[in-house]
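Enquirer: Residue numbers (my numbering), protein chains in the order written: chain B, 1 to 498; chain X, 1001 to 1498.
Mixed in with the good hints, there may be bad ones.
Pairs of lysine-lysine, DSS-like flavour, derived with a Cα cap of 25 Å [what the hints assert, rightly or not]:
#, chain 1, residue 1, chain 2, residue 2
1, B, Lys354, B, Lys388
2, B, Lys429, B, Lys460
3, B, Lys81, X, Lys1108
4, X, Lys1061, B, Lys25
5, B, Lys108, X, Lys1091
6, B, Lys61, X, Lys1235
7, X, Lys1496, X, Lys1235
8, X, Lys1388, X, Lys1354
9, B, Lys108, X, Lys1081
10, B, Lys424, B, Lys496
11, B, Lys324, B, Lys388
12, B, Lys25, B, Lys354
13, B, Lys324, B, Lys353
14, X, Lys1353, B, Lys61
15, X, Lys1108, B, Lys91
16, X, Lys1324, B, Lys61
17, X, Lys1235, X, Lys1025
18, X, Lys1353, X, Lys1388
19, B, Lys424, B, Lys439
20, B, Lys353, X, Lys1061
21, B, Lys460, B, Lys496
22, B, Lys235, B, Lys424
23, B, Lys235, B, Lys429
24, B, Lys354, B, Lys5
25, X, Lys1005, X, Lys1354
26, X, Lys1061, X, Lys1091
27, X, Lys1091, B, Lys324
28, X, Lys1091, X, Lys1324
29, B, Lys496, B, Lys429
30, B, Lys460, B, Lys424
Now the in silico label distances, taken between C-beta atoms and shown as ranges [claimed, not checked]:
#, chain 1, residue 1, chain 2, residue 2, range
31, B, Asp450, X, Asp1104, 35 to 43 Å
32, B, Gly350, X, Gln1247, 30 to 38 Å
33, X, Lys1472, B, Gly350, 47 to 55 Å
What the hints contain is simulated information worked out from the structure, not anything from laboratory work. Cβ atoms here follow ideal geometry from the backbone N, Cα and C, with glycine treated the same way.
2 protein chains.
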Amino acid sequence: MEKKKHGISPLRSENFPEWYQQVIKGGDLAENSDVRGCMVIKPWGYALWENMQRVLDGMFKETGHSNAYFPLFIPLRYLEKEAEHVEAFAKECAVVTHARLQADGRGKLVPASPLEEPLIVRPTSETIIGESFSRWVHSYRDLPILINQWANVVRWEMRTRLFLRTSEFLWQEGHTVHETSAEAEAETERMLECYRAFAEDYMAMPVLCGEKTEMERFPGAVRTLCIEAMMQDGKSLQAGTSHFLGQNFARASRIQFVGRSGETQCAWTSSWGVSTRLIGGLIMVHSDDDGLILPPRLAPRHVVILPIIHRESDRERVLDYCQKIEAAIRSAGYDGRPVEVHIDGRDFNGGVKKWEWIGKGVPLIVELGPRDVEQQSVAVLRRYTMEKYSASADVFLRNLGDELAQIQRGMFERARLFREKNMKEIISKQEFEEFFMEKSGYGVTFFVGDRGIEEAMKEKFNVTIRCILPHKNGENQSGICAFTGQQTTQKVVWAKSY
Amino acid sequence: MEKKKHGISPLRSENFPEWYQQVIKGGDLAENSDVRGCMVIKPWGYALWENMQRVLDGMFKETGHSNAYFPLFIPLRYLEKEAEHVEAFAKECAVVTHARLQADGRGKLVPASPLEEPLIVRPTSETIIGESFSRWVHSYRDLPILINQWANVVRWEMRTRLFLRTSEFLWQEGHTVHETSAEAEAETERMLECYRAFAEDYMAMPVLCGEKTEMERFPGAVRTLCIEAMMQDGKSLQAGTSHFLGQNFARASRIQFVGRSGETQCAWTSSWGVSTRLIGGLIMVHSDDDGLILPPRLAPRHVVILPIIHRESDRERVLDYCQKIEAAIRSAGYDGRPVEVHIDGRDFNGGVKKWEWIGKGVPLIVELGPRDVEQQSVAVLRRYTMEKYSASADVFLRNLGDELAQIQRGMFERARLFREKNMKEIISKQEFEEFFMEKSGYGVTFFVGDRGIEEAMKEKFNVTIRCILPHKNGENQSGICAFTGQQTTQKVVWAKSY
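In isolation and in its complexed conformation, chain B is listed as follows (with noise of 0.2 Å):
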């Protein structure tokens, strides 16, 4: 028996890493540069991004939000403010320390003009949009202030890999002042599950939302809340984060308000961001062997319409065929915008052309040869599930907004399906460690809260605490800790992680 052929090699199967990286290099999405731990991102990869973008945007500015700008730089100064800030980001950042090159007289250039303080690129902008806040709030009367920010960021990481761990990529990081606790926590929760309805809405990614322990905690903050999703290797995806920082940042940087009894208060802040790293988990999660797979409601183009032309005496009825359904599918409609659609007339071999939009996770293929322009038909490859199927052009027109509606949908249902296949509710140390041994997935105990018992664990099987998760409906849940044999309300996700 002949072995199926397929679009990317190593398969998921073989080797997880590697596949990725094909997947990547398949779909023309991403490369890595010269410059070490930078990522090019190609136009396929950014237009996914701008609709990423356009998405959050909107619900940012739904729920009240305002964009802004802050400097690139970072004063040494200000990221010293905050003891567990400066101690986390100091260890990977780029420092600027010169102004200028010069000549060296030996022909090179070399750093000249030193700065008299040095400027770090900012690892997330905490300090530098505190230092504009603390100018904006006087009063109570200022307050709520509910900024984002669309920017670079520089970290400089050991270990990159595209899109989940770049020296620099692109986020929206927002940032937030309150006059109370309770209103920044809400923020905090608020824009949570705005991370939460994006991954699930538009990227088909299910997640699960909970909290951080102590150890996984967002350097500076009270509560670091996020969501988490499963990729196709068992791994968690920390996919987005959202902080109730207390008053660490708002003091550090002095923003302060004269409050609604006239005396003189500390401000509350919130911070949450989201970023490329999204990219690379859109990927794990839906991709399969021959590359990947873009849900409808985030890819760049719909359709892509492939004319065959085997004789030359076929070229024009056939393109004027493919011209004609172009502009229905265009006007048909998805998601409260024009169905994308291209037809890829590019004078070279159809299977090349086919197999490269199916590396680029198109949902649709459509083929169109002299024998639908005879029968008014179409030959549609769906992508998410590889079936091939024809139709009356009609019908496909009319089913159109329903068939990608119905793929969005069975893109979400397949991958949550897999993570209920690979999530395991684990009673006991010896399951917890039989379940980490032979496989990856997530390993769900009550757990007392020990640091000791989570150090243990990461030394031993790389696996983290991936969040704390909420009780469901205020229900007090309560159960023996997997550890300690001793009774808990506090229930846990356990994973191996990116």
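Fit chain X to the known structure of chain B by using the hints.
Expert: For chain X alone, kept in the frame of chain B given last:
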């Protein structure tokens, strides 16, 4: 007679540079940060930039360009590849030399982990993007490559000024690769026309299109085309540039391809950009002594409604009426989008609120009080002329789209007349000297193109050639050089500039 009061002090006529700063402050557009030369773009300023981005991005995509993203950092050796280029940018660039901070033993953080090769924070991306292009281009079939990038760039300017000249600024940079010189030149001209259309049709800012002299050319370019706009102090602002780079950068980055007849060739490239500097231009072209005036096609909000409530008993019906009018305004539509309208219901002094919105340049400010409820009327302030009028709500709503369109045209026309009044055809050196001794403005002369004269005029009057005017309709204009008396076909525009 009482002196007329104004929202901004000093007046334009008293101190233009300080007036400019105060307009920015009054409009809440941006502020200086503690980081040398880096600005904070506040929500109202950023919303303006977002509108500019939306329109420009649409234009770029319509002309076949895709967005992509390239590294923030440029290795020193890349910059060195193009000689003129490195000379220009080495003088003013942020140099990253270290990848970590560590405690120095006396409790202070100092840069650690020196990089093997310093990195430059991009001042422009020809060299780093060229590196990718050299990998992407193999055959003439891969051409043209039409890429745009939205990004932050850094040039370590010594004297900075909000929006006009900042160490970090936001921009877009187009970079394209072509098979032939003619195609690259056509692209250069096409994108200049995009900029002209954007400046005139959206910013309501009349511009001259032309070419830079060798002295003012982009370092490394063969030709630099530009749009130049006259500010209200008679100075010129270079508002956008489009460069035909010939094969200079393609040679430096080895962008080569196998041509139609099988031989390896060097490609032809272009680059073009506009930046947040445009906001500075918008301010200086349109604002008056009461502050900012925004053209409707770019205003983040078109109409602000101020409820006028003197007695508590009126509150409910006034607010109800405001909401009714708001809904009707929103659905009125303008420029293919909903009219952006906002009720400012903040509970403080109505006069202060009104002057805030005047200072922010909202095209129409509508005050609604009890009498308006009774008469179903609206009291309108047309910002760009400061005219007030009352109208029935019906008539106002019916005409709203037209009124906004009329404001847009009126603003352009006013700016065009100002430029006409301050632009003079000059035929002799004496006339030239008289013109620039006493005032600012555009002096138009025939000019043989002598660099010595250009340098002397710059030295003496701080005046440069803003552009060489194109020959209208290919017509062969000809005249006498104002400086040498020689016959020439080259007509140029001189001015002081930003």
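Enquirer: Check the structure against each numbered hint from earlier and tell me which ones fail, lowest number first.
Expert: Hints 6, 26, 27 and 28 contradicted; others consistent.
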